[in-house]
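Novice: Chain U: place on chain Z using the hints.
Quick note, the sequences are listed as chains Z and U, same order. Its first residue numbered 1, the first sequence is counted upward by one per residue in this note's numbering. Its first residue numbered 1001, the second sequence is counted upward by one per residue in this note's numbering.
To be clear, the hints were calculated from the coordinates, so they are not data collected in a lab. Hints may be right or wrong, so weigh each one.
[To be verified] Partial list, derived from the structure: chain Z residues whose beta carbon lies under 10 angstroms from chain U:
id : residue
1  : Ser2
2  : Ala76
3  : Pro78
All residues carry an ideal CB built from backbone N, CA and C; glycine is no exception.
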Amino acid sequence: MSVKPPADLEVALRGGYYFGEIERLIADLQPLFAVTDPVAVEVDLSGLVFIGPTATALLLATANRLAAIGCSVFIAPPRNRLTRNYLLRSDFVRLFTATDPPEPFGRLTPAGFRPCLRFDGDAECIAVARELSDAVIERARTDIAARGAIKTAMHELAENVMYHADSLDGGYAAVAYSRRRREIEIGIVDLGIGIRASLNKNPDYAVADDVAAVEKAMIPTVTSTPERNSGYGLTFTKLLLLLNGGSMRIRSGHGAATLGPAVDYSAKEHPFPGTLVHMRARTDRPLDATSAWDELAKAIKNVVSNANTDAS
Amino acid sequence: MLLSLAHEAGPFLTGRSEAQRLRESVLGIVQRDGEAVVDLEGVEVISPSFADEFFAKMPEELLDSKQVRFEHLTDEFSLIVHTVVAQRRPA
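Extracted from the complex, chain Z is given alone in its bound form:
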């Protein structure tokens, strides 16, 4: 057994990072995001009583990024048995340490849940999209069109990470169902270059700040790699969720988009180093793919029409 050195940096996460409480976690992880040199880090989760899937994916991405830059990372597990078990069956230990967890835990695998998934490469991208969409379909109210739409949406979002993030270790995704809230939460996280840097690779879409970048990313057809993908992924997913009564939140740099029920683009105090897409779909309402495709077609028509007007 090797002993980790005493930490140069200690961060404690306490309480609950409930479904949707991502902003507080981003704030609490700032000291870890700022690390650029190999140092000894301690992340104290002993006081953690709840963590949702997106927060889990974010924590895992952060821990692995620190390890990738040469940090020694010690993570004190949660004292709360249920929270510890959730992290274990989310494969947190396996994905962080590449070893089997030291204690037994219950797999359970209820419908709508998948362990945290890391993806880096085309095959893994396809696999994670399939896992996420299967988990959603297991719980959401869907017809055949909606099932196809969900698969398309998840694939588009995973491909965004592969083609735009320039992340050291790909992306992380997680999904879980809340019976009490009657919703499914899906999180896709990468600690790559962020939306602004990605868009700025294409002079046609260069933006000055992170808020403008997040706003621009929600315009259909906008993509830094038009030869490779359509630029519809985020817009279509947003439409699908909003029509369902769900919501979507995107963080990248200081930029934040909150989509549903109201739409808001704003600058947040604490920067997020990469891109995080956090989605909530209601399981007590249908996912209406037909209307989502119609709305997307209208949105594209508007974009093209505006572009033609600007050109003339």
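Specialist: Only chain U this time, still in chain Z's reference frame:
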């Protein structure tokens, strides 16, 4: 007098500030009673920083004279303690 770390701080021992508080408690006991026995029964996790702050910063003379002793120090925890102590007090 016996000081149970798990009773004082729970089974997961993390954080320098908590370690400093407990170390000062031990020193207070030694000052009052002449000796202190630190019981690690029930402790499940010791973070390296806690170990450094609590064990490695414990005055060497108190450990050598056995005025501060440890009970239920498992092999795993012994390794952590020896490692952090060696880092602060290289031979």
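Novice: All hints are to be evaluated individually against the structure, with a verdict given for each.
Specialist: Going through the hints against the structure:
no. : hint  : verdict
1   : Ser2  : holds, 9 angstroms
2   : Ala76 : holds, 4 angstroms
3   : Pro78 : holds, 8 angstroms
Checked against the numbered hints above, the structure violates none of them.
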